[in-house]
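Going down the list, the sequences are from chains A and B.
Going by this note's numbering, the letters in the first sequence line up with residues 10 to 504, in that order.
Going by this note's numbering, the letters in the second sequence line up with residues 1281 to 1393, in that order.
In case anyone wonders, no lab produced these hints; they're calculated from the structure.
Label-pair distances were calculated between CB atoms; the ranges are:
no., chain 1, residue 1, chain 2, residue 2, range
1, A, T483, B, E1339, 49 to 55 Å
2, B, I1341, A, S211, 29 to 35 Å
3, A, K115, B, A1345, 45 to 51 Å
Where a beta carbon is used, it is the ideal one built from N, C-alpha and C, also for glycine.
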Amino acid sequence: MINLLLLPVLIPFLFAAVLLLFPKKVKAQRVVTMIGLAFALASSIALLYKVKVNGVQALTLGSWAPPFGITMVSDMFSALLVTSSLLIALFVVWYSFTSIEEEREKAFYYPAILFMLTGVNGAFTTGDIFNMFVFFEVLLMSSYVLIVLGGEKIQLKESIKYIIVNIVSSSLFVITVGYLYSVVGTLNMADISVKLAEIGPSGIVTVIAVLFLIVFGIKGGIFPLFFWLPGSYGAPPIPVLALFGALLTKVGVYAIMRTYTLFFTTDVGYTHNLLMILSILTIVVGCIGALAYFNVKQIIIYNIVIAVGVILFGASVMNESGMMGSVFYLIHDILIKGALFLLIGIIIKITGTSDLRKMGGLMKRYPLLAWVYLIVAFGLAGIPPLSGFIGKLLIVQGGFEGDLLWQSIFILASSLLVLLSAIRIFIYAFWGEEKGQHLISKEKYRHLLAPAITLASLTVLYGVGAEYLVPFMTDATNVLLDPSIYIDAVFEGVK
Amino acid sequence: MEILMSILIGFLFMAAVYLILSRSLLRIIIGTGLLSHGTHLLLLTMGGLGGESAPVLAEGITDYADPLPQALILTAIVISFGVTAFSLVLAYRAYKVVGTDNMDLMKGNEDND
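Hey, can you work out the whole structure from these sequences and the hints?
Set out below in C-alpha cells:
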C-alpha cells in the first residue's frame, strides 16, 4: 500500500474535522480524540515497519511525475519522528483529561491538537519545500489557537509576541524559498539537492543556507533567535506546554537537519561551522537560563534550548557517529521533555505555584512522584543506562572524530549543568520542610500520575533497549549522510 | 522591469520593518500585512517576469510565463489572509482584556505583573 505514508497526516486531520461538529460533548470529544490518535499511531508504526523492510517510501500526488507534483517522502528519520510525535500526543491528551479545565475542552482544544499534529507530521513527511511552508503554517495556526485558548491576561500578552515573531519568520521562509527557486527553478527537495550539487559552491547558495538557518532557527529556538521562546512557552497550561516543548521546536530542528544534509553540502566549511558555533552558544545561554530561574516551567523550558543545541552540534559535524547521536538524542528529547513537563505539571497542580521557593517537602506525601521525577531527571542529563546517555555518547564521539575536542568536552560539561538544574527542582520541591498547601485530591493525583509514569517508563525502555533501536537509527543516519538514497527513492521509475 | 520590482519590494519591506518596530499593536499588524505583500511580489519577481503567452501548452508556443510562482503566491496570500484576520481578532481581544495596545506595557509575566 503506497499511500500508507499519508495516513499519519490524514487521520488526525479527518478526526479533527469530525470533532468540530460537537464541541460541547466533552466525553465524546475525549473518546474520539483517543481513537483517532490510536489509529494514527498504528498507521505510523506500520509505516515504520514498511520503511524498515522496503526502504524509503515516496509518493508524488496527482499523477504528476516528480519533480512536478508535490512529493511526500517517508524515510526512516521522518517515520521515527512521526511515530514519536503521535506517541507523545497520545500521552498529553490522556493527561489533559484531568489537567485541562472543561471550558477549554469545550473550546475546540482537542481539534486544535489534532490539527497541529497534521501540520507536524506533514512537515516531517513532505518532500517539497513549499509544501513544508504550508504544513508549517498549519501547525502554527493550530499552535496560535492552543497558546491563546482560555484567554488569560498573560496568554494574550505572550501569544501576540509569539504570533508576530512567527509571521515575520514565515515571511522570511517564503522569501528564502523564492530565492532558492530563482537559483534552481524547482521546489522538489530531491530535485533541489541534485541541482544544487550541479551548481557547486557559490555565494548565493551560502546566503540561502544561512537564511534557512535563520528561518528554522527561529522556530527551533537556536541562539540568538530563541528570545521569544521562554516567555511564550510559559503562558499556556501545562499539557499545551508539553506538546509545544516536545514537538514544535523539534520541527525546526528537523528542518535544519534535513536542509543541511540534503541541500547545503557544498560549502560545509562555512555553513556547518556556523551551525556548530551557534549550537555551542545555544547550549551556553540555555545553561545560564536553566540555572538562573526559580520558576519550574522556565527551568525546563531553558532545557529545551540546551537540547536543541546538543542535537544541532551532532548534526553539524556531519559524520556517522555524530549524526546517529543526533537522531538518537532528538527522539529521546521528544519523549523526555514530554515526561518532564507532565511531571512538573503535577507538582504545579499540587502546590498551586511554579515558584520553587514556595514549595518543599513533597517527598513525604508523594514519594512515587519524587522517584519518577528523579529517574526522568537522570535520563535528561544522560546518566547511563537511561535514554539521554546513548545519544550524547555518540554525539561526543562524533565530535572527537571531527577534531572538535574542546567543543565535545564542553557538551559533556553542559550535561552536569543540566543535571544540576534538574536536581535543583528535586531538592527544592521534594526535600526540606513541608511548605504550602496541597491542592488536589488523591484521585486526581493518581489520574495525572498514570500517563506521566507510563511515559517515564517508555523513556527508560528507550535507554535500556537502545541496542534494539540501532538498526532503525542506522537507516535514518544513512539517508541523512547519503542524499542519493533519498533522491533515488523520489525519482524511482522516472529516470 | 525586475529592477523596478526590486525597488518596490525593498520599499514595502522598509515600510513593514518601520511599522513592526512601532509600539502600537495595530501598526504592527499593518506592518506584517505589508511584509507579506512584499514577500508575494518577491516570489513573482524571483520566477522571472518574462514570457509572452499564457502557460498553456499549444502548437508553436515556446515562450510562456512561469505558472509556478503564481500558484505559490495564491497559496501564500490565502495563508497570510487567515493569519492577519486571526491576529486582528487577537489584538482586539487583548486590547479589551489587557486594556492597552502599547507593546511596551505588555511586558511582564505572572511574577511581576
